[in-house]
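Spelled out, the chains give:
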Amino acid sequence: MSEERNEEEIRVGVFVCHCGSNIGGVIDCKKLAEEVRNFPDVAYTEDNLYTCSENGLAAIKKAVEEHKLNRVVVASCTPRTHEPLFRECISEAGLNPYLFNFVNIRDQCTWVHMKHPEEAYDKAKDLIKMGAAKAVKLEPLDMIMVNINPAALVIGGGVAGMSAALSLSRQGFKTYIVEKEDKLGGRLNSLHKLFPYDIEATEFVGKIINNVKNAQNLEVITSSRVINIEGFIGNYEVEIDQNGNIRKLEVGAIIVAVGSSLLNPQGLFGYDGIKRITQYELEPKLKNKDLKAKEVVMIQCAGSRNDERPYCSSVCCMTALKNALTIKELNPDIHVTILFRDLYTPGTSYEEYYRKAREQGVLFVKYDEDRMPNVEENQVKVFNEYIGDEMIIAYDLLVLSTPLVANSDNKDLAQLLKVPLEANGFFLEAHVKLRPNDFATDGVYIGGSAKWPVDITETISQGYAAASRASTILSHETIEVEGATSILPEYNKSLCTGCEVCIKVCPYNAIKKNENDEIEIIQALCKGCGLCAATCTNKALVIRHFTDDQILSEIYAYGGE
Amino acid sequence: MRMEENRVSFEPKLLGFLCNWCSYAGADLAGVSRIQYPPNMRVIRVMCSGRVDPEFVIQALELGIDGVYVMGCHIGDCHYLDGNYEAIRKFDMTKKFLSFVGLDNRIRLDWVSASEGVRFGEVVSKFVEDIKALGPSPLSGDTPDQELLEKVKAIREAVSSNRMRALVGRQRKITEEENVYGEKVPEEEFDVLMDQAIKEEYDRHRILLALEKDSKSVKDLGIELNLDPSIVLEHTLTLKSRSQVDFQKIIGNTPIFMRI
Amino acid sequence: MTLQTKQEEKINEEWEPKIIAFLCNWCSYAGADLAGVSRIQYPPTIRVVRVPCSGRVNPYFIIKSLMDGWDGVVVSGCHPGDCHYLTGNLVARRRFAILKELLEFFGIEPGRVNFMWASAAEGERFATLIKKATKIVKNLGPNKKFEKKW
Amino acid sequence: MEKVGAVMVIGAGIGGSQASLDLADSGYKVYLIESSTSIGGVMAQLDKTFPTNDCAMCIVSPKLVETGRHQNIDLSINCKILDVSGEAGNFNIKVLKKTLYINPEKCTGCGVCGQECPVEAIDIFNEGLAKYAATSVKYPQAVPLVYAINKDYCIGCGICQGVCKAKAVEYDREDEEVDINVGAIILAPGFDEYIPPEANLYGYGKYKNVVTSIEFERILSASGPYAGRVLRPSDGDIPEKLAFLQCIGSRDYTGNGQPYCSSVCCMYTAKEAVIAHEHMHQIKPTIFSMDVRAYGKDFDKYIIRAQEEYGVQYIRSRISSIKEVPETKDLRIKYETEDGKVMEEDFNMVVLAVGLNPPNDNVFLAEKFGIELNEFGFAKTDKFNPVQTSRSGIYACGAFSSPKDIPDTVTQASAAAGCVNQLLYEKRGTLITEKTLPPEIYVNGQPPRIGVFICHCGINIGGYVDVPDVTKYATTLPNVVMADRNLYTCSADTQTIIKDKVKEFHLNRVIVASCTPRTHEPLFQETIREAGLNRYLFQMANIRDQCSWVHMNEPEKATEKAKDLVRMAVNKAREIEPIERIKLPVTPKALVVGGGISGMVAALNFASQEFETFLVEKQEELGGFARHIYHTLEGGDVQEFLTDLIKKVQSNKFIHAYTDAEIENIDGYIGNFKSSVIHGKKKERTEFEHGVVIVATGAKEYHPKEYLYGNNGNVILQSEFEEMLNNDKATNKKSVVMIQCVGSRNDEHPYCSKMCCAEAIKNALLAKEKNPDLEITVLFRDIRTYGFKEKYYREAREKGVIFLQYDEDNPPEVIPEDSRLRIEVSTPRKEKIYINSDLLVLSAGIYANREENEDLAKMLKVPLNDDNFFLEAHVKLRPVDFATEGVFVAGLAHCPKTIEDSIAQANAAVSRACTILSKDEIEAEGKTAMVIPERCTGCGMCVENCAYSAIELIDDRRFGRVAQINQALCKGCGACSGNCRCAAIDVLGFSGEQIFAMITGRC
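The listed protein sequences correspond, in order, to chains W, F, B and S.
Note that my numbering gives residue 134 to position 134 of the first sequence, counting from 1, and the numbers run on in steps of one.
Note that my numbering gives residue 1 to position 1 of the second sequence, counting from 1, and the numbers run on in steps of one.
Note that my numbering gives residue 64 to position 64 of the third sequence, counting from 1, and the numbers run on in steps of one.
Note that my numbering gives residue 365 to position 365 of the fourth sequence, counting from 1, and the numbers run on in steps of one.
Bound-form chain W, shown alone:
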C-alpha cells in the first residue's frame, strides 16, 4: 500500500543452519534448503553448519553480492539472541539492517519435536515459507538518531542528589541541582550521629557540601522547584521557579533524588512532643547533651508495618540503636529499654552494632503486633513474648521510632515526568531487579529514599548508580532509538480523523497533536509495541517492521491463499 516501495525486483536469500546437530540432527537441512528454493521471490538458498560463525557470516555477505539479494532470511535459533548479529552482518554487506527476517527452527522446532522428525521438517518448511513471505514485504528503515544534550538535572539536594551530581559533574557533564530548601543536605542536617560508625552528621555532610561547592560545571539552585518539563530523552526543557523568577534549563537526563519525609506522629502512643518524642526530636537533644531523663523507653515500628503503612522503613532500628548507644555514652546509668517487634540489623557491621548495644546494657523487649504496648502517663504496659507475661516499665522519656513516608508533592512531579508511583506514593522504578534506578520512560533515573526508605550508604550508592545510568546516554552525542516504531505515513494522513484514541491508549504518551492539529508520533519515546496501530479506528497508523501487510502475508503463506 505504501508508495515508497522501490519497484526493483525482490530477491530473497534463505540460509538454513544446521547448528551442528541441534537442527541437522533432526531434519535434513540440505533437502530443506533445496525445497525452499522454489518458494515465491526466493532467489538463492544455502545451508551451513553454523550460520552464526565467522564463515557463516562471510557466506551470507558473499551470497548477497553475487546474487544481488535485497532480502535475507536466516533459519536457525532464536532472534532474541542472534538478530542483532545478523542485522550487523547484512548491513556490512550494504543492505539496510531491517531487510532481514529470522526464522526459529531450533528452539521452537527441532529441539521440541525430536520424536517427530517428519512433522518437524514440515514445520520448518512452513516457518521458512512464512518468513520469506514476510521478508518480501519488509521495507528499509533507518535507526532514528536523537542528539543528546550533555547536561543533567538532579532534583533534590540531599545526599543522594549530591552524590549523583558530583559523579556526573566530575565526568564533565554540566549538572544542575534544584533544591527545595534554602540549603543542601536534606535529612542529614537534622541528625546528630550516623550509624554504624557514629560519624558526626554535620561534619560528614559538610564535607560533601563543600565538594559540591567547588566542583566545576555543577550549579546549585536552592529554594527552587520544578514547575514544567517538556521534551524527551536527550532533549528536556525544564522550567524552574526560584522564589518568583522563572529559569529554563536544557538538559539531556533527569535524576529524581527528592528523598522522603518524616511521619507526622500526632495520635501515636499519646505523642506530645515533650515527654513522648520521636527519634528525630531526640537527635538535637543528644547533640547539645541536654538529656535529663533517667528511664528512657523506645518503641519500634511506631506507625509502620500496619494496615495504613504496610512497609518496614528499614532505618528506624539502626537509628534507635545509635541513639541508645549515644545515651549510654552520655550517662551509662540511664536505663534504656527498646520495645521491638523484629530488629532489622542486616549485614556484619549492623549486627555488631546491635551486640554492642546489648553489651552496654540496653534492654530489648519483644511485643506482638496484636498486643501493642499500652502507654500511660509515665509507665508502659507491654506483654513480653519471651516470659509470656505482662511487664510494666516506668519511663520519664518515651521515644517513638517513626517511619519515613513518601513526599506529599511526589504526585505533581510524577505528572510532570509522566512516571508512575507505587501504592504507598514512592516512585515506581522500571524493574525491581533488573533496572532498579531507571524509569520505564527513558532518560529519567532515580536514587535514594524517593524510591524506598534506605540508609545513608545505600542512598549514596544509589546516587552513583543513577548517575552512571544517566551517563550511558549523556556520553553519546546521538543515540539510536528503536527503529521499528509506529508512524502516521504521508499517504495515510487523509484517513486519520483526529479521534485521539491512539493518544489515550499509548502507555508512553509518545503521541501528540502538533501545532497544525495533526497526529504526530514522538519517535524518541515510541517503543514500537504496536498498541496504537492495532487500536487506530481508521487503520491510519502503521507499525514499521510489523505492518498489517507483513503479518497478513505470513498468515496467507501458512493459510494457503
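Read the hints as simulated data drawn from the structure, not as lab findings.
Accuracy of the hints is not assured; some may be wrong.
Dumping the calculated DSS-like pairs for lysine-lysine here, alpha-carbon to alpha-carbon at most 27 Å [as the list claims (entries may be wrong)]: (1) S:557 x F:240; (2) W:513 x F:184; (3) S:80 x S:3; (4) F:249 x B:132; (5) S:700 x S:729; (6) F:240 x S:208; (7) S:682 x S:647; (8) W:418 x S:167; (9) F:240 x S:329; (10) S:98 x F:184.
Assemble chains F, B and S onto chain W, guided by the hints.
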C-alpha cells in the same frame, strides 16, 4: 485428503501469535530445556500481544486454519506496561463475534512468562488435543462450507469497522479508569452496549456482502441470512443513511436495494 | 452508480457535459442543500446560478447559455402552490412550455433543456433529477449547434 | 411595579416562533426558551401539511432561520423552568440552561462528531425508526444548527472532541442558571401525542405493521429514515392495502383515552392517505372513521379531492378487532359496514390516528406559572379571549389551550402577541439595542477590488476539494486583489479577519466560498457592513452542500467544479453595485372595516395602545352577525359581551366610529394609506390617513330556498329558534326536527360553516332544559363538534336527543300535513323513516356576499377565493396577512368560524399590524425590481404577472405610458422581468448583466 481422515489421525493446523518478551522467550526456554510438545503450531512473533489485531485471528480461521493461539505476558508483566490488558478486550470481542458461527472455541488467549518453558509445552499440547477433539475446521480442506465462509468474511469486515475499533479501543480506559467526564462506566453497562454493537455490525456487514453479490430486496435478504425482515430493514436503512446502500428499483410492491 | 456495462462506462468516461442550473432560492436550491446535508452523491456536471424564483429566468438566459457552449440547461423551481412568491412558478411554467417548442424549432435537441420541480425537503429527488438530466445530455454528446466560445 | 419591555416565550414550535417574531418586530426584547435542542417543534417532523400539501420544511425553515438570527430574540435551547415570580408587567423567571457539552458559539454544525460517534441511540425525532449518534442534531435543517451530546447515551469516549476541528466540544461545560426579567409570558409548549398503552387492543407495539400517525409522518417524509418511500416496518414492502383508524385515544369514554375530540386527526389522516398514494401509486388507502370533521377553510374540498382524485375510501365504522396474520404479517380487521354487514378484510399496514394530549409536563408548567388547567389538563382560557390564561400577564397559544391545527396555532400566536402589545405598549423599544454602523464607503466608479475567502469547513470541504489549489486559482482571476483560506470562515474570529482584510486591501467586493447562502449570507453581509461596505457588495459560492458533500468520490472533479463556482461568483461580483434600502414613513393610525365583534375587538386593541382608529360599519348600529346570538355553546353570554363592547367602542376617545357608512375610496400603500368614507343620513364625506387596514366585514347567514323555508310558518332557522327559546315561545311544541348542513357542503357552497353543529346542539340542550319531554331529532351528515365541544354532543345524546344520519344524495323531504309536518328520511340502511313534527329548524350556513367583498377587494388589491371569502397570504403561516403588505383580515370575512376564533383573529391582526405601526419608518426589501423607462413600451404584461400588485402603468412626461414599480410592495421575485419582451425591467442583485456574466465569463 483431510476430510476422510478419521478423528484420531487428524493433525490440526494451528497458528500462534507469541509476544516477543514473554511467551516467545518461554517457547525458546522450552527448546533449551528440550521439552517435547506436538509440532502442529506455527508461530508468528509480534512485539506485544496487544499488537494482535482481531482481523489477523479471523483471517487465519477464514483460510481454514483449525485453531489460533494468542499468547502474552502475565498481567502486570507486560514489557509495554498494559499491552496485554488491551489484548484481553480485543480477544473477548473476537470471541463474541465468532460465537455467532460456533468457531469461538477454536481461538484461545493465554499468558506464558519467559521462565515458564514447561508450561508453554503443556498449554500447546492441551490446545492441540482440544482442537483434535473438535475435529477439522469446517472451513479447512478443498471444500470449505461456503455459507460459513460468507459469515466469517462478514465478521472480518465488521471487526475492522471503525465503530467496533473505537468501542474496543476505548473500553478498558472507560471501564477501568475514567471517561472524559471523570466517571467510571460500569463493566456490565458497557458490555450491554458492546453486545448490541457486535450484533448490529455483524448483521450489517452480512447484508453489505450479500448486496455486493447482487441487488436484493429486504425479504430476500431476510431469507438468505435468516434474519427477521424488520431488522434487515432497519439495518438497510441505516446503511442507506451512510450512503453505502441505495434504492435501485421497485418490482411490484418490493423495493430492491443495491450496494454503492 | 447505476450498473452500466464495463464497456459503456469506458466511452462515457472521458467526456463530462457542462450543465448550467438555474435553481430557485426557496425550494430547489434548498433541496440541493439538503442533498448535500444528507451526503447524497450525484455527478459533478452542474454549475448552479441562484435566482430568487423560477419566474426570474428569462428565456434569453437559456438561449445565451446554449449559444455560449454550455452542453445543457436545467431550470428548477417550486412545486405548484409552494412558491414563496405565490405565482412565480406558474408564470415560469407557462413560459417554458412555449420556449420548449421554440428551441425545437431552432433545431436544439429537446433533451438539452430540462425543466423540473423539487421542494426543499426533496434532496433525494433533486439528486435523481440531476442524474437523469446528466444522462440525457451525455447521450446527446457535446453541444455542437453553436460555435464554442473557449 | 415598573413595567418591563420584554417578553418570555416558552416553547419554540411554530406557535412560539411566530409570537416571538411578531413581538421582536414590534420593538420588544424576546427571550425564547426551548426545552429540546432545536426549534421547530412537531411541525418540523411533518412531511406535508393540509390543506395545501405544502412541504412543511419549505414553508417553516425560512421562518425558523429568521427566528434563530433575529437581533431582538435571545434564543436558549435545552432549558428547564425553575421558578416564576412577579405579576403582569414585571415577572422574574429563573431558567436552568442545561449544558449541551458543546459550545454553541464555536460549533458550526458540520456534523463530523455525529459521524464518528461509535454509540448508536434511538432517534426520538424519527420516532425510533432510525438510529443516530449520541452526539447529534435533531434534524438536518435544525435551527440553531448546533450539535448536542445526549448524556444518557454518551459513554464519554472523547472521540468527538478529537475529531472536532472547531474545538467546540467541552466536556466540563456546566449547566447555567439565568434570572430573566420580563413584562409578559406566552406559553406555547405544544402537545404530546397519545401513545396507546401496553395492553392496547389495536396491537400497537405487538404487531410490527401497526404504527402511529406521527411515526407514519416520518415514514412519509423525504428527509425521514425511509427517504420518502412508504414501506411497512415488518419487511420493507410497499403496503398496497393501507388502513387508517380514526379517533385513537380521542372521543374515548373507556378511560384509557381522552373524552374530547382532538380536532386535527381527520384532516391529517386524509393528508397522510393522499401523500402516501402520491408517493406510491399502488397504495389504496382506506379510512375507518365516525364523523369526518373537516370544518376548516378548504378542508371539505380536500376530503372530496382525496376521495375522487386519490382513491381514498372512507368506511364509517369503528372496527371491532384487529389480528395479525402470522405468515404475511398482514392485519385482519373485522368491522361492520353502515348497512349492518359484518366484514373481515386484510390490510398490509395500519396507521392509528392518535389524538393530542396536553404536554406531559402540563401539571409542572401550571404549578410554576400559577395558571389553572381545565378538566382535560389543557390551559384554562377566558370564554371570550382564547389566549388569556387564568393569570393576567400570562397568555397561552397553540395546542396547550386546546388541540388545534397549524393555522389556528399561528393565529393564536399572533393573538397572544396582540394582547402583550396591549399590556406593554408604553415600554416598546426600551430594551432593544440598535447597532451603530460606520458610514458606508462610497464605491461607485471605483474599479472592482475583489477579496475571496475560501473555507475548509474543517474537513467537510478541505477533505475532498483541494482548497489551496482553488485559492491559488482565485488569485489568477481578473480584479481579484487577495484570496486566502481559513478553517472556519463563519467562526467569530474569522469575521474580524475579513474586516481587517477589507481595510488593508481597500476591498469593494467580498466573496466567500463555503456553504449555503440561505443560512450564511445574512451573517457575512452583516460583517462587511460593519467594515463599512454596502451589504449587497457580497457574493457566495456554495462549494460544500452543492460540491464537496455531493461529489465525495470524485475529488478532482469536485475541485474543478469549485474553481468554476468561484470564477462565476467573481464574474458576478464584478457587475454588482451597492443597493440602498428605501425607507418609508408610517402613519400610526389604523382603519378597521366592519363593526362586528372582530372589528370592534381590533379597534379596541389599537385604541388601548393609543393608536387613532377609524371604524367603518355599513349598518346603522354596530354588532354585526352576533347581534342575534344569545349564548355560545360553552355558555358565554354573547348579548352582554356585545353591548359591553359597543359601549366601550363608542366611549373610547381614540376610536372614530362611522355607522351607516360606505367606503368611497382607499389608495396608497403600506404605512401611507389615504381613504375617504361617506357616512350618516346626510352622506357626509370624511377623509383620513392611516398606516394599516383591517378587513372585518363579516359574512351573511344563508336564507335557504329548500325545505319550504319562507312559505311554511313551522320551518324556521336556528337563530330564530334560539330567539323563541329565550323568550319561552316554544313551550307548546311536542316534536322538533333539525336538519344540518342546509346551504353548506353542497355545490353552491362546497365548504362547512363550522358553527352550525354547535348552534344546533346548543339549542337542543336549551330546549330539553326548558321542556325535558320535548322530542328532538337531528338529521345530520357529520356532527362536527370538534375539540371540547364533543362534551356537549355527548350530553345531548344522554338527554335523549336522537341523531339520525341522512344520505347526502337523497336529503329528507318535508310534507306539510294540516298544522304539522311529515318528514321523510332515508337512512344509510336504505329504510324509509317518517317523523311527524310540529317544528322544523334548519341549520343554515354562512356565505360571503360576492358584490360587497369584490369592490372592497378591488380597492385594496386583495384577492377573493372561489367561495368569495377573502384569500389570506398563506393558509398556514400567514393566516391573517394579505399578500399586499399592510392589509390584514379577521373574523367571518376570512371564513366561517366561532366567536372565540374571530376574537383571536382580531387580536392577531392587530399584532401583525403593530409590527408596522410600532415603527416610525420601515425599510423595504433591497433587491427589488427596477424599470428602465426608455425601453418600456407600456404593454402592461408585467402588471398582470405581479402577485403583489406592485406595478402600475403611469403617464410619464418624458417617456409616455410606462410601468412604475412601488418599491414598498415589490418582493424582487422577478416574474415581471422574466416576461418583459424588451428587457425593460431588471432586478437589483439578480440583474441581466450579472447573470450573463456568470453564464459567459469562461476565461
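Violated hints, by number in ascending order, as checked against the structure = none
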